[in-house]
Amino acid sequence: MSIQGLHGDEVDFENTWAQIASAFREIHTKNASKLSYEELYRHCYRVVLKKKGEELYKRVQNFEHEWLSNEVRSSILLLVTPQLSSHDMVATTATEQRTAREKFMKGLNAAWRDHQTCMAMLADVLMYMDRVYCTDHRQISIYTAAMFLFRDDILCAPITGGGGTGHVLGLLNQVILDQIQMERAGDVIDKYIIKSSVYMLEHLYEDESESEDKRLYVRSFEVQYLDTSREFYKREAELMLRDSDAGAYCRHTTRRIYEEEDRCKSTLSEITMPKIKKVVEDELIKNRIEELVGMESGVRFMIDNDRMDELNLIFDLNSRVDDKKSELTKALQKRVVEMGTDVNSAAIAASQAPAPAPEASEKGKGAPAERTLNQQTVAALKWVEEVLQLKDKFDRIWRESFESDHPLQTALTQSFSDFINSPTFPRSSEYISLFIDENMKKGIKGKTESEIDMVLEKAIVLLRYIQDKDLFERYYKKHLCRRLLMNKSISNDVEKQMISRMKMELGNNFTLKLEAMFKDMTISEELTAGFKTHVHQLGDPDPKRIELSINVLTSMTWPLESMGNGDSEDTKRPQCIFPTAVDRIKQGFEKYYNTKHSGRQLTWLANMGSADIKATFPKVPQKDGSFKERRHELNVSTYGMVILLLFNDLSAGESMTFEEIQARTNIPNSDLIRNLQSLAVAPKTRILLKEPMSKDVKPTDRFFFNEGFQGKFIRIKVGVVSSGNKVESDRERRETEKKNDDSRAFCIEAAVVRIMKQRKELSHQQLVAETLTQLQGQFKPEVPMIKKRIESLIEREYLERIEGAKVDSYRYLA
Amino acid sequence: MVQKKHEIEAALAKEAQDISAGRLKEDNPLDLSEDFRIFCEACRRGDLKVCQEQISKGVNINARDRFDYTPLILASLCGHYEVARILLEHGALCERDTFQGERCLYNALNDRIRNLLLSYDYAKSTNPLQPLAAHITSLLTRDSPKTADIALVTYDETFQLHKFILSARSPYFAKKLAAAPDTTTWKLPQNIPSDALRVALQYLYFAEVSARSATYGLEGEEERAVLTGIDKLSRHLEIPELFESITEVSDRRRLRQLRNEELERGRDQMATWFTNNVLRNKIIVDTDKVSSIRWDRNNSIFADVLLRADDDDENTYDSSESDLTHSSTPSSESTIRNTSGLLNGIPIGPLRSHSRSRSSSRLRKSKKSTLYPAHRAMLLRSEYFLTMFSSAFREAQTTEHLQIITMDCSPRVLETILTFLYTEHADFGLDIAIDVLFAADQLFIEKLKQRAALIISTLGNGSTSTVDPLNPRGETDAEEVLDIYEVIRAGWDTRVHRLEEFGARYIAYRLEYFIDESEFADLVVESARRIQKRQETDTVELVDDIRYYLSERFRLRFEDSGLDEMMDEGKEEDDEFPDVDETGDFDKLHISERGGGEVERFSEDREGELLERDIEAQIAAGAVRTLDGKIAGDEFAQDAINYQILLGKIDTLLENLDLEA
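Chains A and B are the protein sequences, given in the same order. Going by UniProt numbering, the first sequence opens with residue 1, and the numbers climb by one from there. Going by UniProt numbering, the second sequence opens with residue 1, and the numbers climb by one from there.
FYI, nobody ran anything at the bench for these hints, they're computed from the structure. For each residue, glycine too, the CB sits at the ideal point set by N, CA and C. Wrong hints could be hidden among the right ones.
[Stated by the list, open to error] Incomplete in silico selection of chain B near chain A, CB under 7 Å:
no. : residue
1   : T387
2   : S391
3   : F393
4   : R394
5   : T398
6   : I405
7   : D408
8   : Q442
9   : E446
[Stated by the list, open to error] Over the 10 Å line for every Cβ pair with chain B, so calculated as not near, a few chain A residues:
no. : residue
10  : W17
11  : E55
12  : G107
13  : I257
14  : N305
15  : H632
16  : E660
17  : R664
18  : E707
Throw the hints in and build the complete structure from the sequences for me.
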């Protein structure tokens, strides 16, 4: 044999091949350790160098083919026994079956491992051929080629014995599937064997491209696996839906998914994981979620019984198959609206229910109408509480079960907003404002700052849901106005906090007027103080001087009309005639005010003020037998003061008729009646006596000074009927809504003009759409209303119709 | 980004300052030696052979001459692409942002050279020693096949290491291991942190080390402990450069220079060790006695395998080898052996037979085998050995005595391969170049293969340079060392394109000697077959290449002929006589062509016809010349005619071989 490849003579190919072949046989029979790598490599190297690479390649292939089909195949076919196929043989037991299957797989795996090891060694020896011949001639490497041989000679070998048909690969697939089915049914199987088989299938390819998706595993096993699994889970879902409740179904499904994931890791291949998961999800969730959610023990049941875990399971399942979780969302929204509507109708029912027994009410001052109102206030507060409870409940579910999922939050908000703004329940704005009012006046007394914060936050939460913000503003203004003027508010700070919260939530525009109200209050305090020093400087040390405390209110910001009761019929309020002492001081202040702000018109609203009077009652015998002069400080309304001062001029025993009083004071009828009622009818503050004694006040009644008045306290507050914020009566509500509509009309017109000024020309549709968006933050205008406003603007020549335009369009007239 | 003139001047001044202060080593030191002058001259002329010879001699490739020229600048300025490539392949620097580098780029004669220079910019290329260093570094982390033979143990970690690397790199280990070569574990003092040892080992194993990466994530006390540990180790292991090399250097060039120095020092240490141990311990025995040789696993040079190469039949270097053999006897005093001396040397039994056989070999001239002790760790650089030692075959098994692996080459070739694997040195003669080429191909040592090809294509070129305008007529040395047919076939067999190119060029420049040989015709046929096997194309690669180089050979004469004429006038006259001789030669050629006359008749396509007319015209011109006897002008005409004749001959050849062209 020659030493130098180049100088060497022609290699005796047959001879060399005989040596190589015998060495290969040794390798296959596991006797490689005796062989010399150097020698074998040298032989192959020479052959390739002598341009016999192709022949060598073919010989090796042939050799492997022969080996596989003669030696290996038979040993595999021996393992194919009737017990393997579970279907035709009933007699075989499960254990027998399992043993047969495992034996078969073990045999196949061993053959595969041997083949791999041997081929790795062959490839080492044939390295030069692989690098030089195969690369130059675009052949697949000998190792790969041998793997294909294994596929063709072993896996695709037809099975003839045992009555079975098909080939080894088909049988293997069936065996693995059967094993997995056993595991699903709860049996324990040898995962490792299956994993090895799968490993084999993963490393064999259908064709020479060797791409990922051409693996035998993917092409042959996985397809079958997914099919059988789909079938299996379909049946299982049907069974489960019939036999168990929603919670159990969810738990089972979660477990199944986990099992399949685990199976992919431990038994099959990771690449199957997404596919099998999809199958399970499709069959157990996607196709069933609607039924599942709608089950008797479905979402509704879970919500009602606070089944947080199960809700979480449902959420988890639904989010697996649907990013939007639409089924769950649907069920959830339905339930929220249902429960919300229940709360609404409860509130309506409560407000319309007949008043409970009079004793029940402590606060009431007697009038039955008032009781109804009061009843409604209670209903309002109850409504707010319940809505908040509902909100709390769903918030908790959302947090604990729905993993604070954003789309679901949106859906919840939507549903809350839906029932709160439901057209069948128009009172939400008022109720919320009342809730705040109640808390400002009483609720927050003695509460810590953080508790107050919580109350405020609740109010804001509800406020968010309100669509018609302008309506709320109107109510709030009204209630606030009362609180401010009557000093009902417990803490000014809390009021301001509330305002700033609203400002954050609804914007600057919304709170502008509310803030102006506060400003007026401050300015008024300064004015009062200033006037006091002013009077002091005048040097009039009149001991009987009347002290004046005054609130100057900007007429545009304050909802003054709502303060007066039913003065809508006479536009100009008749000026009340003040007693001279009071009138002097009034003029004094007017003079003072004019020096400060010239050109401003002050209108005195006597109906809204109050006065402290020191009254001395003559010595008359009392019930307890004492006989002494009594002094009381009476806190009465301004009208009450005017009325009482009239009696100063009368001698004891003299009386005045209602008409006389009216003539001398010029107090509007209704106010006069109410004031006289509180002075002469209410038992605790009966400073006047009325003849005849009755509850109603008639123009013909006569009034006396009650010399025998007795009071338990020095200070006595004479209340005036119907002061304080309560739920409006229906009439009032119509009133409010009408006013609201009027102001909305202005808002809409303003918005339309703003838009048109900018756009100059716009079609009707666009204009309406833009108007709607612009007003979104304030309220939701109705389209007919917008139309009407546009008509009106055209009439007033702000806009004109564009003649001959295809769609209705308008042009702005500057 | 273009620097301003004053910026460049400032940078140059700073560089000069740094150099004189010793902070920076001069990249291009002045070299006035005779060797360097010859080298520069060769670069000017484009003489590949001389260049290669001088490089092999070890001339500083980056030095500069009296006129501040570096060889690379000369080669690129004079437009010698091949020379520039060789220089760059041997580590000539052309770095952007340095004065010399930019000068080199600026001076490049053409874009081809300029692009070549740019492709070798330091930022992209690596130090030629880097592959060796990378391999040795990788040994630190390589688990299989197992090559480590000693474990260094600190209190919390164990490092698997190689005795031969340790003793090559650290004088301390050299002494200790020589005293006790069979040590398998080595405990270190407790107070040396593992991190410090790791850095030291990385340094020993050629890795780039720096203090920052060594102490990364540590601070205060620990950092100091590691640094002290490194310092201690540096003194203990007698590797004083360690501490210096971990100190930070921010300057890119300084860093590169340090690294280069370090690599070179390391390589030299390896080379010294290799020569003193591996080569010195080779054994020459009669081939039939090889099987009786037993080397113990524990031997003083830590070898774990024996490589055997059998002599060629013609024993050309017998005498010189026997000298070396002498030194390899156990009584020889190598640097390591002198401390221990007695144990674990080369086993006694086979040596006796060896020395006997040697003495008898003189008489009988029986066939000899040479055995080299080697280390698997280094052999792994070849994929062949990597596969071998990772496999389940006999060679991979651990036996009591060292395995003897027969190599398919001569001892000289094997020695060359070993030298390359251990030291990256690859300087060998043309006589074994082809054998090395084949061996490297067989063992998958790509770099050595390229080196062999390079040596063949430079040294094998004879006295002619690549583009020698003075020799368009293909004058060659009388004695050619090279069988060009063999070279071309080797190029095909080992898939080295450079050799195919070289062969084509070689033949083109001497075509008149080859064109009529039948072996040449065989070669053309072979080339054609190679191509047909791959894909259906009509060209024969070899012929195309030859045509290309043929045109190159004559092109210079045609192009600036006017100028050349004036310049060369004097010379031409000197050359007159040989020219005349040659002319005679060619006239004979013409006649034979005419007599045959088949070329013209057989050519079919239009191009052929054009050619035909050309040739006739040229021949006519040639005739005129012979008649008139005009000397200077007619020489060019003669070249033109020669060119056409040679082209015509190729066509005839192809026709005769029934090949499409």
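Hints versus structure:
| no. | hint | result |
| --- | --- | --- |
| 1 | T387 | holds, 5 Å |
| 2 | S391 | holds, 5 Å |
| 3 | F393 | holds, 4 Å |
| 4 | R394 | holds, 5 Å |
| 5 | T398 | violated, 11 Å |
| 6 | I405 | holds, 5 Å |
| 7 | D408 | holds, 5 Å |
| 8 | Q442 | holds, 6 Å |
| 9 | E446 | violated, 11 Å |
| 10 | W17 | holds, 18 Å |
| 11 | E55 | holds, 14 Å |
| 12 | G107 | holds, 23 Å |
| 13 | I257 | holds, 40 Å |
| 14 | N305 | holds, 55 Å |
| 15 | H632 | holds, 85 Å |
| 16 | E660 | holds, 101 Å |
| 17 | R664 | holds, 97 Å |
| 18 | E707 | holds, 97 Å |
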